[in-house]
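Number of protein chains: 2
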Amino acid sequence: MAQEFIGNLLVAQSGGPTPVINASLAGVITEALQYEDNIAEIYGGLNGIQGILNEQLIDLAAESQQTVRALSQTPGAILGTCRYKMKRQQDFDRVLDVFAAHNIRYFLYIGGNDSQDTAAKINALALERGYALRVIGVPKTVDNDLPVTDHCPGYGSVIKHIATTVREMALDNAAMGQHDFVSILEVMGRGAGWIAAGSVLAKRRTALIEDAPHIVLLPEAHFNQQAFVDAVQMVLRKQHFCFIVTAEGLLDPAGNFLGAGATATDAFGHAVLGGVGETLRTIVEQNLAGVKVRSAKLGITQRAAIHNASQTDVDEAVLVGRAAVRAAIDGESGKMVVLVREDKDGKDTYSVRTELAPLNEVANAVKTFPTAWIGEDKMSIGFQFAKYAQPLIQGEVAIPCEGGLPKFAQLLAARIERKLDAYETLK
Amino acid sequence: MAQEFIGNLLVAQSGGPTPVINASLAGVITEALQYEDNIAEIYGGLNGIQGILNEQLIDLAAESQQTVRALSQTPGAILGTCRYKMKRQQDFDRVLDVFAAHNIRYFLYIGGNDSQDTAAKINALALERGYALRVIGVPKTVDNDLPVTDHCPGYGSVIKHIATTVREMALDNAAMGQHDFVSILEVMGRGAGWIAAGSVLAKRRTALIEDAPHIVLLPEAHFNQQAFVDAVQMVLRKQHFCFIVTAEGLLDPAGNFLGAGATATDAFGHAVLGGVGETLRTIVEQNLAGVKVRSAKLGITQRAAIHNASQTDVDEAVLVGRAAVRAAIDGESGKMVVLVREDKDGKDTYSVRTELAPLNEVANAVKTFPTAWIGEDKMSIGFQFAKYAQPLIQGEVAIPCEGGLPKFAQLLAARIERKLDAYETLK
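As they're listed, the protein sequences go chains C and F. Remember, the working numbering sits 16 above the position in the first sequence when you count from 1. Remember, the working numbering sits 16 above the position in the second sequence when you count from 1.
Because the hints were derived from the structure by calculation, they are not lab data. There's no promise every hint is true.
If several chains are the same, the list does not tell them apart, and a pair holds so long as it fits within one copy or across any two.
Dumping the calculated DMTMM-like pairs for lysine to aspartate or glutamate here, alpha-carbon to alpha-carbon at most 25 angstroms [said to hold, decoys possible]:
no., residue 1, residue 2
1, Lys101, Glu301
2, Lys423, Glu412
3, Lys423, Asp227
4, Lys308, Asp130
5, Lys308, Glu440
6, Lys101, Glu371
7, Lys423, Asp364
8, Lys383, Asp130
9, Lys403, Asp359
10, Lys137, Asp53
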């Protein structure tokens with residue numbers, strides 16, 4: 017069968033970058049090179065599906081081995097991504113036209129929930145039209161909210177960076193003694209609390225007094241202002257600083273975002289600035305007199321911090337990329353690669369293998385943080401989570417530096433000649 | 017002379033922590049151990065001068081060599097710091113009482129402007145009272161705003177981390193193509209623009225299009241809203257994203273802080289949330305329709321990021337600590353160690369030596385960013401700065417990790433028995 021299915025491979029990246037989305041790309045390229053009987057050319061689509069619609073393809077086989085190796089040490093998404101939602105039938109028709117024009121028979125899409133939905137629809141249309149195509153999704157999201165897979169490449173690196181940051185920042189806070197101090201760190205995660213929860217890895221088992229973070233707020237546990245203020249006060253009674261980590265997507269009891277963003281207005285029509293960290297800062301300042309509060313918001317820096325990435329995460333990102341190519345070669349389509357944690361008869365050693373899950377089971381679904389892992393106080397995280405997350409942050413990545421700063425991969429990006437007329441995507 | 021002046025040494029830390037303030041402490045301890053004929057005991061004062069008033073002293077010679085070595089890889093300020101301002105004569109009297117009770121003859125104070133003022137006053141009082149004491153200041157501040165010294169230990173590590181972050185974050189921004197995007201990064205520096213300026217080290221000389229950051233805003237160049245909006249628009253015309261770095265202390269033309277903090281109110285009496293990054297975000301959103309803006313505020317994380325510190329900075333922090341002890345042994349007092357850049361006949365090799373400057377010349381003075389190094393547009397930094405700053409970020413520090421996270425020094429902190437009655441410091 018492998019001998020009969022011959023054509024070109026197209027890989028693209030979609031959605032928000034992660035520290036390791038380029039490592040998955042490296043995995044795809046490396047593995048694809050192994051199957052020259054089946055895969056004639058390895059193309060990269062620029063700017064996700066939006067670039068593909070515009071026939072923006074580059075020749076990835078023309079990149080040097082050095083560049084491919086450097087991809088695993090380069091943040092961002094080197095092919096460019098998009099958040100383009102294909103709504104019109106003509107968009108889908110156009111994708112198949114582009115594929116046919118360039119004899120694309122393998123389409124690998126590295127992305128999160130929305131992107132896998134797009135991949136599923138392209139797969140369905142190809143089947144319907146009888147266009148021979150194999151579509152495999154490659155999971156990526158720092159938010160760790162994709163269903164089926166044990167965890168998502170990208171997540172481990174982000175929580176390693178956040179736990180490191182909490183541990184470092186807590187030493188700074190602790191040093192500033194002699195007055196009550198509250199430190200607030202706002203982290204990503206959209207509607208899920210996975211990233212915020214990851215901050216608890218900073219806690220040491222042997223700590224004499226309770227280590228930071230002392231309070232962790234997730235979207236999965238609605239915010240209770242009085243309980244929160246009481247908890248801050250209780251921490252400050254025991255030690256002179258209180259470290260709070262909050263998910264950006266924290267919700268009030270009515271289900272509204274606590275951090276409204278610049279487009280929201282307060283009751284008086286004035287713009288409310290800042291995210292949820294700033295909202296919490298105001299709540300503490302207004303309710304606990306004399307307490308000094310400072311907030312930080314890592315923003316995009318947290319999902320770009322390759323300099324503090326997890327080697328395990330990088331390795332697994334490469335792994336899912338390679339597995340996707342193998343699945344396509346094996347005749348699979350309409351599936352996404354998922355990570356499955358190997359059961360070692362209860363032993364503590366960690367290993368994963370890849371499996372496949374139907375794209376339809378993954379697309380548009382969200383895996384929120386298990387409520388069973390949230391403490392009774394709704395502001396702490398159970399030990400089960402640490403057991404789950406600890407293996408994901410192991411190993412440090414050595415980033416080549418030049419002049420004191422990291423040196424990242426740059427693509428030659430040799431363009432493939434267009435074969436179709438120009439196409440207009442929706443704004 | 018060296019033989020005659022015998023007593024105990026006391027070292028303390030003051031003000032905001034830096035990534036390398038503990039490296040200076042390591043330098044002091046290591047060097048002090050060399051002079052057993054002069055220095056009988058090596059004490060650490062907890063929580064700066066405030067702890068010294070309370071006789072909170074620990075025995076630093078009791079710490080293991082392993083711990084002293086680990087200090088150079090540990091953020092925060094391991095002795096604890098304070099921002100206590102000694103205003104009462106009785107505070108100064110008490111300091112000398114504590115010194116006399118513990119036979120302190122060498123006092124080394126690691127700190128910034130305010131702290132060196134305290135050191136200067138203690139030195140003057142000891143002279144006046146005829147109490148034999150040698151006081152030497154050890155420079156530290158991430159803000160790089162101490163006069164006389166070429167630069168301050170702590171600064172190089174912070175700008176290395178910020179330039180790394182800009183380079184990483186810019187790749188993320190660039191990947192998100194297809195729509196206009198503005199990224200704002202708010203950094204520290206109080207009234208000086210040194211840290212914000214440091215972000216330009218992220219630019220590569222060989223970049224095809226202009227690298228991030230595209231706009232850098234310093235307190236030394238008052239903010240002009242129209243010019244700013246025009247500049248953002250001009251960048252967005254050339255490429256699809258604009259990266260802005262702003263100092264937290266940015267001033268409007270009237271000299272008021274643009275980021276007012278939570279204690280300020282707007283014209284209607286409503287609290288203004290967020291820092292200057294949020295203010296700029298609102299300005300862009302209100303003036304450039306359809307442009308997506310995201311801001312990040314590294315906050316305390318930037319001055320705690322030992323995981324991305326500069327080896328040059330760590331080495332120089334140790335150097336100034338050692339030099340301070342040698343100066344005291346040599347009979348100096350009322351001076352601060354400063355770094356002097358060696359002139360290599362115009363050659364590009366970088367090296368520094370230490371000298372001494374009178375504490376009075378350093379105390380309470382501020383070295384702002386040279387206006388000659390600010391571009392004509394008031395939003396860019398000249399090449400002279402890169403030449404100055406480049407050497408300060410060289411070399412990466414390997415932080416020992418355990419379980420995927422950095423492992424930091426912890427002091428035994430063996431307390432020295434109190435010899436005086438308790439003392440009440442001002443709140």
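Hint by hint, which ones does the structure fall short of?
6 and 10
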